[in-house]
Amino acid sequence: MNKNSSNTMALAPNTSNKRETVCIFGTGDFGRALGHKMIQSGYPVVYGSRSTQISNLIPKDAEVLGHAEAAQKAAIIIIAIQRQHYNFLTPLAEVLRGKVLVDISNNLKLNQYPESNAEYLAQLLPGSKVVKAFNTVSAWALQSGTLDASRQVFVCGDDVEAKQMVMNIVRALGLTPLDKGSLLAAQEIENYPLQLFPMWRFPMFLSLGLTAFFFFYCVALDIIYTYIYENNDFSFFIAITIPNRVCPVMALILLALVYVPGIFAAIIQLYRGTKYRRFPDWLDKWMLCRKQLGLIALAFASLHVVFTLVTPLRAFASWRTGKGIISQALNNKTEPLDHTKAWLSDSYLALGILGFFLFVLLGITSLPSVSNNVNWREFRFVQSKLGYMALILCTAHTMVYGGKWFLSPSAYKWYLPNIYILSLIVPCAVLVVKFVLIFPCVDKPLTQIRQGWERNPKYSE
Amino acid sequence: MNKNSSNTMALAPNTSNKRETVCIFGTGDFGRALGHKMIQSGYPVVYGSRSTQISNLIPKDAEVLGHAEAAQKAAIIIIAIQRQHYNFLTPLAEVLRGKVLVDISNNLKLNQYPESNAEYLAQLLPGSKVVKAFNTVSAWALQSGTLDASRQVFVCGDDVEAKQMVMNIVRALGLTPLDKGSLLAAQEIENYPLQLFPMWRFPMFLSLGLTAFFFFYCVALDIIYTYIYENNDFSFFIAITIPNRVCPVMALILLALVYVPGIFAAIIQLYRGTKYRRFPDWLDKWMLCRKQLGLIALAFASLHVVFTLVTPLRAFASWRTGKGIISQALNNKTEPLDHTKAWLSDSYLALGILGFFLFVLLGITSLPSVSNNVNWREFRFVQSKLGYMALILCTAHTMVYGGKWFLSPSAYKWYLPNIYILSLIVPCAVLVVKFVLIFPCVDKPLTQIRQGWERNPKYSE
Amino acid sequence: MNKNSSNTMALAPNTSNKRETVCIFGTGDFGRALGHKMIQSGYPVVYGSRSTQISNLIPKDAEVLGHAEAAQKAAIIIIAIQRQHYNFLTPLAEVLRGKVLVDISNNLKLNQYPESNAEYLAQLLPGSKVVKAFNTVSAWALQSGTLDASRQVFVCGDDVEAKQMVMNIVRALGLTPLDKGSLLAAQEIENYPLQLFPMWRFPMFLSLGLTAFFFFYCVALDIIYTYIYENNDFSFFIAITIPNRVCPVMALILLALVYVPGIFAAIIQLYRGTKYRRFPDWLDKWMLCRKQLGLIALAFASLHVVFTLVTPLRAFASWRTGKGIISQALNNKTEPLDHTKAWLSDSYLALGILGFFLFVLLGITSLPSVSNNVNWREFRFVQSKLGYMALILCTAHTMVYGGKWFLSPSAYKWYLPNIYILSLIVPCAVLVVKFVLIFPCVDKPLTQIRQGWERNPKYSE
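Protein chains in written order, with UniProt numbering: chain A, 1 to 461; chain B, 1 to 461; chain C, 1 to 461.
Derived by calculation from the structure, the hints in this document are not laboratory data. A few of these clues could be false.
Treat identical chains as interchangeable: a pair holds within one or across any two.
[Unchecked claim] Within a straight-line C-alpha distance of at most 25 angstroms, the following computed DSS-like cross-link-like pairs (lysine-lysine) qualify: (1) Lys60 <-> Lys285; (2) Lys275 <-> Lys444; (3) Lys275 <-> Lys60; (4) Lys323 <-> Lys341.
So that you can see chain A by itself, here it is in the shape it has in the complex (with noise of 0.2 angstroms):
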């Protein structure tokens, strides 16, 4: 290393007081990239490799040579292998005994293996500590700095003080640490880069059954049933007007689904008495994706509003109006302006309007930066009070709208309801009980139960 020591000025400090240094096992992408930033961050690190010719993609101030040699010059040695070649480590236990391992290693599948590598490294070396860390973090993000996919490293280990040299080391890589506790919790770390959206899951599975379900009902009654009954061929219909009647549909009952598991919890902890039992594992799952429900709810109901605003663009739109004023002009008057229908449709789109602003409000509040600004009273102001007021206003544009069709015998084709009755179901129960429970006398018990009180004490024993 000092051979080219007028180069390595620009990158490692030139004073005694130096960084310990890092010993990378694996020349491979990620030990190049994890070597190369170490470097920058004034690390001398040094490669253990079979071949100690030097690679012209090894970084350049730092040293290869052999394993054995290599890792007597460091305390902690990154293991930049795959978990299949672990095995050659075992020669080396002598000279690895009482060093910080790194396991870097992720898996092609969930649950691979019976045991997370890093456990498995630690039962290969039991005299090493085993440190599980920056296996979240990928190759390309450490070389071209833009660290933009989460910046989070998880660390975990059963050895306090070799994971918080770890920590130390992403720390000044300019990297989070976050302890995840002992070695038993790598099988989730290296589960975690394999995941894809956990949490999104049920509720994405629940909106697509859901959005198929009612796209087929309106087919059934808009499409198939005009063209049996009417003999119009409306297949058109498939591209924009159907999905503007399923999107609000849809949005509205996730937003209602989103404040149905709060109900229940309070109904739950009012008739048991306590707030010290554990809710249903349902329930407690439901809570934990309402921010997701919400979201979905969101995406829908922004749907909704451009396929309602492209409205006027469409020929079948065009062509409606142009029927309806050349009627008129062929019979040579002009139709006064009806105030009741003025009234109706400007009420709804001004409750849909309110109703949808609030709901981006509460979508821009769910981004992780802002929601980390707000305390949390102000997040359960935005989150509750807000949101029962976009699920009011939604819930009056979704009746305002429909209300001149509930009673129409017309709207019940083959006596199926009109889906956005079917919207109307679940919405209306949570505001009819959320009704309920702000009642001083049904309120103030709850307060008091959530505040701790128990009706009958000896249960949490």
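Could you slot chains B and C onto chain A? The hints should help.
This is chains B and C only, laid out in the frame that chain A set:
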């Protein structure tokens, strides 16, 4: 704790260099949640409780002892009990001498007691080192792991070492400690979770007041006047037409108000010839709520955009369109395209769209995570250059829109100007003064003053 | 400091284990703001100044002494004076020996001096340990507490211990230190606050150039051609019609350009048979500005959406609608609904809406706080899968929209194609090549190469 050591392994490290034991007084919600999280992060936890009978709610790897016994096992004791029960700690004063007591309590009202809870605790136990922390974190968030609202933990205390120990625990739990100074800051920290958007209060009240004023102004001119003098019932204008007049007016005025304090500051600095004197208080406060004013203005602008875009969907609009076309048809003639009208209508729409686009850009840049990723020069470029550009475009949009009515006497019902004229006063004043301020003969001395030059250096003694 | 100790209590700890004293040379804006913040965080602060007369602008809990005297009181000295006055420190060399000097200076221009200010300081005082820090923080932000722009403090220095001391102070002030290595990084750190969106420069110039080209292309074909050959004055098209032709074209081309470098990279890797050779420089740079290209494309797409949605509000549009309806009315007949037209119009609107929806999702995921919360697999899923889906939908939208004119000779004014045809070249090429690349016979070797396999392993020596 040794009894179920097989189970403990999953959470606590099994090596000798354990983290220091933490004691928690109180087995309420927050005490349990915090204990659970600490065990996960490798801290041995011991609860101090009146009844040492183990509840199944307490994390199973924690010990439960009497208060005195538990306190002896740890250097740090978290006081998870309510302020009104603090006096039961007095008999324990000897055991707690020299220990770090972490006050995590909150009050129900702002400034509920003359002194903060943490200071009260410090007075009760003068031999202990009291640190305030964790009061802004919720038990629910700790338990569910979803720290959506704020990861920040405000810490304060008179003993720097004690504070450092607590901050290390905060970091180990994956939270971000923020040192707020000595224990006198505890009052502020205890008030923090009770605050409800304090920075938004003034901008909110201002907007509500102005909105109400302009709303009734419009109702008077557009509905009542028309009803009295023209006998037309346009009461349905309340839903969309009038909101869509008030929103753009509010957006323009509030956007201009964002730039007023900067202009005042420049004038004051020019007049005083120095930047080393404090601005008047009202100006300081105004400057600190510019972001909030701007975001409220953006909300009004967004509402204006949606209210405008739904116009063609309104029953009133289609009736009016139909009426115009039918009257042409009945007269058997087609009016040629009015080029001036086409130019005007397209210009004000284009100006409005571009202004709104810049406005949304400003809004996005003010998201915490985005503004954290730009440097000051970039931030100022966006907020000042792009902001003024947005103001110019929006003012021009309003002028082109209203130009044709400006001199028409019919626009002055009851001798009152149309509100779009009122809305132009502040923005035009801002733009004119700003235009003067960028003249070199004014800009040069101002820049010098801002770089530290003083016209009359004696002033700052 | 003891004089007004009753007041000091509020800010500084009153116990024996105080934080170490910090000395600040210079009582300018930034020196005062930093001192104030430090006192709040419990650091005793002493100012070194030419005049020891206490100004009322200096935080009142700070001492003011002569330079030498002040320097003796602290281990860390913050040099809050401008580079041109650094030489006055030379006589103090003996006093400053071994001390940590924090250089916080900035320049007015990029690379103003041959060496960075911090290196210059280190040359002047070789016995001191110079650390660069705090230069990206603004005095205004420190004072007002609103650290909207960047909490990050870049730190560099040759002495690791000194750097650590400074980083601890940074953390105590509630800011985030980021270690950038040895003092040679000072130049980069000093240039940082002078940069104006360096990553955006190339994408911006590219978009401006292309926009200008397409704008004049459209003006020529739609306004000048029409004026010359059809004698129609459509000059008002400049405001909305032409921008609304240029925006979608720009959005589509830029979105496609986001995916071009990935395709080039795949082809290069396939051709070379290894991933261990660097890409050409232009490709690396292109890859690093993909996010910016995508966001500019999203801006154009959003403008296109709004420009399209205001269509019905334009005087020209209502004139054209009226004309069509009147001509039907005067001919005494109503045209039946043209199903093909209805299908086409609804399809391209629906495709455009869905494409834009996915595009906005991509934009939201690229917000720093959102992308920090997803793992790499999720990030790639969104940016690659959803991105290609958006590209496919938008390309289909353009094709369905323009399909009817594709073969019509009237669309080729002056033998030039309509711009929507030009806009399809890049996206179609990208989609075709991508389609080839996902064939198993091509995808399999590519995947192997990306996992480290080399066709000709000798290459990487």
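Outcome of the hint check:
In this assembly of identical chains, Lys60 and Lys285 lie within 25 angstroms of each other by CA distance solely across copies; the values are 22 angstroms between and 51 angstroms within a copy. For the identical chains of this complex, Lys275 and Lys444 are intra-copy neighbours only, at 14 angstroms inside a copy versus 56 angstroms across copies, given an alpha-carbon limit of 25 angstroms. Taking the closest pair of Cα atoms, Lys275 and Lys60 come within 25 angstroms of each other only across two copies (19 angstroms); inside a single copy the shortest separation is 61 angstroms, beyond that limit. Taking CA atoms no more than 25 angstroms apart as the test, Lys323 paired with Lys341 passes in both settings, with 19 angstroms inside one copy and 16 angstroms between copies.
This entry satisfies every hint, going by the numbered hints stated previously.
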